[in-house]
Amino acid sequence: MMSDTFEPKIVAFVCNWCTYTGADLAGTSRMQYPANVRIIKLPCTGRISPLFIMKALEQGADGVLVSGCHPGDCHYTAGNYHARRKYTIFREMLHFLGVEPERLFFSWVSAAEGRKWADLVAEVTDTVRRLGPRRSAWGEPVEGIAAPRLSANPVPFEAPAGTFAAQAEAMREKAKALLAGGEVGTVIGYEQGTLPGTARPAFVSTPEEVDRLVWNEHCHQNLAVYAARKPAKPGKVALVVKPCDERSLVGLLQENRLAREDVVLIGMACHGVQSEGALAPRCAACQTRTPALADPVIGEATPPTATADPRLEQIARIEQMAPAERWNFWQGHFSRCLKCYACRAACSLCTCERCLAEKAQPRWIPAPPDGAGNLSWHAVRAWHLAGRCVDCGACSAACPADIPLYLLNLKLAQVVKDAFDYEAGRDPAAAPPLTTYREDDAQEFIR
Amino acid sequence: MSYAYFPGCSQQGMAAEFDRSARSVCDRLGIALSEIPDWVCCGATPAHATSHLLSIALPALTLAKVKDADAVATVCAACYSRLRIASHELREDAELRARVKEAAGVECAGEVPVRHLLDILCNDLGVAAIRERVKRPLAGLKVACYYGCLLMRPPKVVAFDDPENPRVMDEVLAAAGAECVEWPYKTECCGASLSLARPDVVCKLANDILREARDAGAHVIAVACPLCHTNLDLRQADVARQYGVRYEMPVLFFTQLLGLALGVPEKGLGLNRLIVSPKPVLEKLAAA
Amino acid sequence: MAKALRTEALLDFLRAVQQDARRLVAPVEEDGLRLFRAVDRVEEITLAEGNTRWSFKEVLFPRSEALFHYRLSGGSVALQEPDQPEGETVVFGARPCDAAGLAVLDAVFAPNGRPDPDQAPEHEDPFYRRRRAQTTIIGLACLEPGPACFCTAVGLSPTGTAGSDLLLTPLPDQGVFLAEAVTEKGERLLAAHAHLFTDTDDTKEQATRAAEGRIQRTALSGVGGPLATLFEAPPWEELAARCLGCGACAFVCPTCHCFDIVDEGNAAGGSRCKFWDSCGFALFTAHTSGHNPRATQPARFRQRVLHKFRYLPERFGVQGCVGCGRCIATCPVNMDIQEVVAKVTG
Amino acid sequence: MARVGVFICHCGENIARTVDCARVAEYAATLPGVAHAVDYRYMCSDPGQRLIETAIREHGLTGVVVASCSPHMHEVTFRRTVARAGLNPFLCEMANIREQCSWVHEDREAATAKACELVRLMVEKVKWNTALEPIHVPVTRKALVIGGGIAGIQAALDIANGGREVILVEKGPSIGGHMAQLSETFPTLDCSQCIMTPRMVEVKNHPNITLYTYAEVEKVDGYIGNFAVTIRKKARCVDEALCTGCGECQSKCPQGKLKTSVIPNEFDLGLSRRPAIYVPFPQAVPNVPVIDKEHCRYFQDGKCGVCQKVCPAKAVDFTQTDQVVTEQVGAIVVATGYDVMSSGEYGEYGGGRYPDVIDGLQFERLLSASGPTGGEVKRPSDGKVPETVVFIACAGSRDRSHGVPYCSKICCMYTAKHAMLYKHKVHHGQAYVFYMDIRAGGKNYDEFVRRAIEEEGAVYLRGRVSRLYQKDGQLIVKGADTLSGQPVEIAADLVVLATAIQARPGSDALAQMLKVPYDGYGFLSEAHPKLRPVETNSAGVYLAGACQAPKDIPETVAQASAAASKVLGLFSMEQMEREPTVSVVNERTCIGCFDCERVCPFGAIEHREIRDRRGNLLKVVSHVNEGVCAGCGACATTCRSGSIELRGYTDEQVFAQIAAVGV
Amino acid sequence: MKLGSVAREKTRSGFLAEVRRRSGTNPADCYQCGKCTAGCPLTFAGDLDPARVMRLVQLGQRDAVLQSRTIWLCASCETCTTRCPQEVDLASVMDALRIMAREAGLTQAAREVAIANAGLLGSVKSRGRVHEMMLVLQQNLRTLHLFRDAEKGPVLMLKGKMDPLGHKRGARDQVRRLFENVARMEAAERAASTTPRCACSDEGGEA
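Residue numbers (our numbering), protein chains in the order written: chain U, 1 to 447; chain Y, 1 to 288; chain D, 1 to 346; chain H, 1 to 663; chain S, 1 to 207.
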């Protein structure tokens, strides 16, 4: 311990019933192992939030170990199954953010496996010791490594002639009818923005006002963000929704944020929307072009123009980077973050009344908009949207710092799809993937 | 399926008839065997009793020569055992692989599976296909199928059938029309590896096996190993001397019996090379 | 007599300035957006027209800074002053609107007129004061204001000198920048690099007219007056119904100056941090009890408007909005302060 | 400001040998918020505990950290200690510097440094601890006993005699279990059925016992004191109320004509046949037949119906369907027993091909007066009385290669009994017993085995049998006697394998339903191997008999009575105290997404409506039923807004520990 | 029997540890059930039954084990390995013991077997494959059983089973190099140990 070799600090989160008892057994059996691990005992891996791992990294741990009961052995029957799903995603997210995967360890150690515990601690300590100290603090760039930049290739936007106008007319008709008939008190649609080539959300409550409403390629905002808010005017709300926005509604229904009958959906068949003068990248290969849930569906959709989502190529490029490059890529972007929370405000699924970022006791996310605070915020935001994000693009569009938030969201959506065969915003009756489990969920990463 | 054929040393000498009948049978059944060029001895028991490395490196030398085959086919149970164990260990143990590479100068990862002809007949070809091709069923012939020890042991690595009560040979020969007797000594050891050094010991073991086969009513014993064959066939004279029992029990390679049923001419089976001639039994059968 | 800097000598000037100061902050391109950054090489600086995504106010009022650090041991607490490593700083490329916005920051953080390190009033911010004294602003006049710009609507000009120590106005036809020293700092800067500047008879009048002519947005007349009675009256609910409640408008604004203070640390020690806050956040006014006097987003938006157009002029005699148009451009739902003020006052 | 007291235990030399306890105490004193730190030789001793109590009073401590052994060892002890000094017990935490420090590290410097850190971690945690008060939940004073073997019968009778109601559920058509199948019992050789039958009848007649036979527990909801149990009563197709047990139906069943029946009699382990409508054995309780639908002609092809016609009581009812009942109980005793490994497991012992190789339970039936041979020892193949019998012990037990490394515990004794009873029945016969060790610990047990050897002439051969095969109507057994170093060959007429005792198939599913942990072999796990042998980690669920591990009758009965006494203890209270380490919802910030409800394995999350003063519904939020919550914390992890805290393991407490590592 | 420190046996340098390392199986797992003895077809011929060999290994009785005849009489039929309830691979233990005995020059107990093994390997080494007739002749020569099985010669010749000129050869150079490499490598691997001779380079040199 007193030598020159690097002695890593390793935080181990273990469950009370299996691994803690297994570690006790290693002690009772006098099995020797390195003294670098600090155990934090919790009742169950179900209680070991992945964010604890992040917190440990934020606080300077060189390695983190999480261990609990073997599948089927959970004292609370299913805590480890739930935890396994969470770790599956969170681990991928940390890798994508550039955390060295070799520093994170997951294992099942039963109460009888004192030997396994001792061997595990030895292996973990040895691995982390060989890796050396972390190359940078949480939220700080690794020095001497350039932060790679990505450039997107814009796809020209080709609006189908005449379609928007006809749809707009039909939409206004519907809106007028709803208001005139008293079926709804408010219609939330789009109107012309004050800057050239923009549209913005508009709240209308009389048939006369309806003429303000427009429908065109600039209507990129997701109006579902207003769905769970109480309307100022009495009566139901009708929302003009694109198919992707409608997927938000599915999420809101799953999470009891509203009931289907609380809202009327005026569904707009989609031709894609514009972003910075070109087709929004998420629209290029989007297959969801006709609303599935809406009360009327207005117009005919234009089929996608691309076969492959251009953003997947960006993800692939990030994944090809070395961890330190990936890390700096993200630190470069996050360094611009002002913590204005526009990403959160624009997200139709961020419906918490008190965001975790605002919880002061304890403070999950360092409040200031600096390295650690920004990284933790973006990690938590992405994590909380894992399995929920419907890829509407609102967060990225809202960000004044142009942080490519969609890359994180999309990556996690991919992980969820691959690992649990689940796509958010498709089935209002489906159990969200992080609230359920399968006994045979993959667990290659758990030793 | 294409098979790289490993005949084994004995099949070039004492048990040339095993090789010959195996090739004839395979030919008849449409199983293509292509002999591994320049193969070398598997090392047999002396190798693993002398040096573990040697016992793996020798088979590795041969296995490394196998190209473009789905499996290595063997007929001799001992060769099968050694090749299969070597291939298994090479697959499992990277360090051993490296040592073997240094010793043998060849790289072998044990990827091509090593199979015994009985396994191939039963599991690749299937007994139904054999039954279809039988021209002269061995009706009335009571056979004691003798598997010996190495064909199924150790079960974790080599067995392709129940190690305590294997059935493959019985099924193959039953398909050939023979009546396979139930008997308890199917997998008892004949002491083969001691044949040279301790003929006295081997005699006792051979006597036990011959006795049990006879008591079970067998006309002939079928074997799948040249060493078993030597001990049971050649040693019957010694058994007679040592124990005073003259069994006159013909001991045939299973391929010879199968060949007979498939209508392979006797020349292609080398029946004349057997010490205890099967002629009387076969003739009696033909007459019946 | 005005001075002129040849267009091609600008970089030489900036390089020289950089050598004198510890830090040169100027607009650069990063990931497709324009931001003020401390530059290593003056070649990185972009001179493109239009505004950076947010103002340079963070040079003086960082988005996050430690007020002090502390360490706990046994029963005792040890305090430690934070470093302020920036030192002498020159900001180049400040647009006249941004530079004019300094008046608000000065009024709040260093209210004793121009910041003077020797005369510290009670409630001034020493961090701001120190930085302000060490910072020189080289303004760069706008020739092509954008669609969101409305500085003229609040009585400012795209070529105005307020807030700049030295203002450069590009005169492309003459191939020079017209250099106006506005303050002593500006004078000193000119004097120190006199060899790069020549005397000139050129004026910026024409450029000013052209630039002001590009601004389409209507003047906001008498904003101080009518707004005083409009706390409850105008339909804030409707005006702000779509406001999402993020802080983007405040954080890109050159004059917004609200901040929060928290302790970040653990049982062994930590820092007391001051960092930007926004009246757009519900948490901004939330009481511990759970009560929130500004319970709705329209109430918060009203606060933003009234603070800029009424409270600041009333209390500090400064114009709270400089018409840079950033809040309009960055708002995810196009909340347009100029449109709103025009509507409620007009 | 917190005032934490830190108490470093030497645990004699156990900790002090590798950890410099004085230095740890010195270090602890420097930690912010620590008001008092001291080390002592045995903190758990009386003077040690008094030291803590005194310190709490003298220094006005607001929290206590005891750095000593694992909390699994002494957390309860020290919590009681601080409570005696007037501090809330949940303001006491333990730093484990023995099992997880001094015992696993040799380097004194490293171990001392780690001990300091572990103390710091717990000091930081305890600063965030809050006083927690026990939760009171009502107790339904009625018990469920699952399994009607001797364990279940004993537990049910004890509870019923203690004055509480019991529901006894038995899967089969009759209670009695394996014990009813046995001939005579070791070491007294009293007749198993003679001592068993009266107890079975007592169960049937006991006013406090409700008996459900031919029934299975399908679902268990709720928690200690308040279980809701769903029981499926399978259709017997015979009305229990009408049936008089006359036996007419089974004697007339065409499937049961002695020679032609192909239905193996389960009670005789396939050594005899039975009809399709049958009472498993003459002393069955209830003495009501059941129709085996798989073999009944009426159910298979709609013809027959003889039993219905002949039944004088008109009790046969083909239309009967399964009934599902729900019962409220406060405690559950699991007494589901065991199975024996099939004698076909061993290829070298014939792999089930030889009819005269049988298992011990089958031999019991051959010995039993009620058995297929009327108590005469006749071998299955040809009914011949075997003159040489080989008994092979550990056939499956203590055999890693067959996946059963454990000892089945009862075989040594029953094999000796078998050898003895065989000798009693076949005087000229010879019994050979192959064994590895003789495990005869128990009152009069070893004497019993010696008697089998010395007086009854059983030849004990120390060795395992390698192989056996059939030849000339006999079984050639090839074993060894390792004491003489010789192989042994015996030509036997009958071979009896003492096959391994295994968990019941499906015991894992039952365990999951009851949320009781189980081991790799399917045996249910007790809460503590020494100190809580009949309790489980699922509160309110107790174990009796061989479902926990192989055991003999006396041990089973003792455990069953112990389980019953635990149940009666629980039932002595109208209300019960529970650990307050449960989840609590912050209703102000909860948005009611109910993801917590989805992950809660115990169904503890309820919906609560929040209304304003005028009664308008403001929102619906989550609420934790403290009686149901087991404190796993899955809800707290799942809640995105951090609106759920698990008391005792709050985010504050965890963060404080994480931060303390980083220092 | 003199017992050394059994604790030491189990650790580093003991006989048990060496057998464990070389055989890849742990003889300490043996609990003396005797199933190996019961099933071994050669128990009758050996001086120690297999279970006893395991016991002596556990007790570190190097000389008694390595000098026993049993280890040479083992026919490698693997009956013991197949049926061992403790999953001890006895056949591998026997191999390891033979190798160790040979290294220690302790092959007197069963010279014939050692000679036969060496003979076969010699044949392989020089020819790549086994020449059976040469093997028999060599064996008789070296064991001084000059006329053992002599009567079989003519019969075998007659049946064509013994052909003095027969037998092809396989990859002789490769095989020779392999033998040399194995010898060299094993000598190097054993450099630290006390082993005096190398196992497979000599062709039955003890005759």
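Hints listed in this document are in silico derivations from the structure and should not be mistaken for laboratory results. Hints may contain errors.
Claimed, not checked - Below 27 Å or equal to it, Euclidean Cα-Cα: the simulated DSSO-like pairs (lysine-lysine) are:
1. Y:Lys-267 with S:Lys-159
2. Y:Lys-142 with S:Lys-159
3. H:Lys-314 with H:Lys-234
4. U:Lys-176 with U:Lys-233
5. H:Lys-619 with U:Lys-236
6. D:Lys-343 with U:Lys-230
7. H:Lys-530 with H:Lys-443
8. Y:Lys-284 with S:Lys-159
9. H:Lys-384 with H:Lys-409
10. D:Lys-274 with U:Lys-233
11. S:Lys-159 with Y:Lys-67
12. H:Lys-409 with H:Lys-530
13. H:Lys-257 with H:Lys-142
14. H:Lys-619 with U:Lys-359
15. S:Lys-159 with Y:Lys-204
16. U:Lys-176 with D:Lys-343
Results of checking the hints against the structure:
no.: 1; hint: Y:Lys-267 with S:Lys-159; in the structure: holds, 13 Å
no.: 2; hint: Y:Lys-142 with S:Lys-159; in the structure: holds, 25 Å
no.: 3; hint: H:Lys-314 with H:Lys-234; in the structure: holds, 19 Å
no.: 4; hint: U:Lys-176 with U:Lys-233; in the structure: holds, 16 Å
no.: 5; hint: H:Lys-619 with U:Lys-236; in the structure: holds, 17 Å
no.: 6; hint: D:Lys-343 with U:Lys-230; in the structure: holds, 25 Å
no.: 7; hint: H:Lys-530 with H:Lys-443; in the structure: holds, 21 Å
no.: 8; hint: Y:Lys-284 with S:Lys-159; in the structure: holds, 23 Å
no.: 9; hint: H:Lys-384 with H:Lys-409; in the structure: violated, 31 Å
no.: 10; hint: D:Lys-274 with U:Lys-233; in the structure: violated, 39 Å
no.: 11; hint: S:Lys-159 with Y:Lys-67; in the structure: violated, 36 Å
no.: 12; hint: H:Lys-409 with H:Lys-530; in the structure: holds, 18 Å
no.: 13; hint: H:Lys-257 with H:Lys-142; in the structure: violated, 44 Å
no.: 14; hint: H:Lys-619 with U:Lys-359; in the structure: holds, 21 Å
no.: 15; hint: S:Lys-159 with Y:Lys-204; in the structure: holds, 25 Å
no.: 16; hint: U:Lys-176 with D:Lys-343; in the structure: holds, 26 Å
When each numbered hint is compared with the structure, violations occur for hints 9, 10, 11 and 13.
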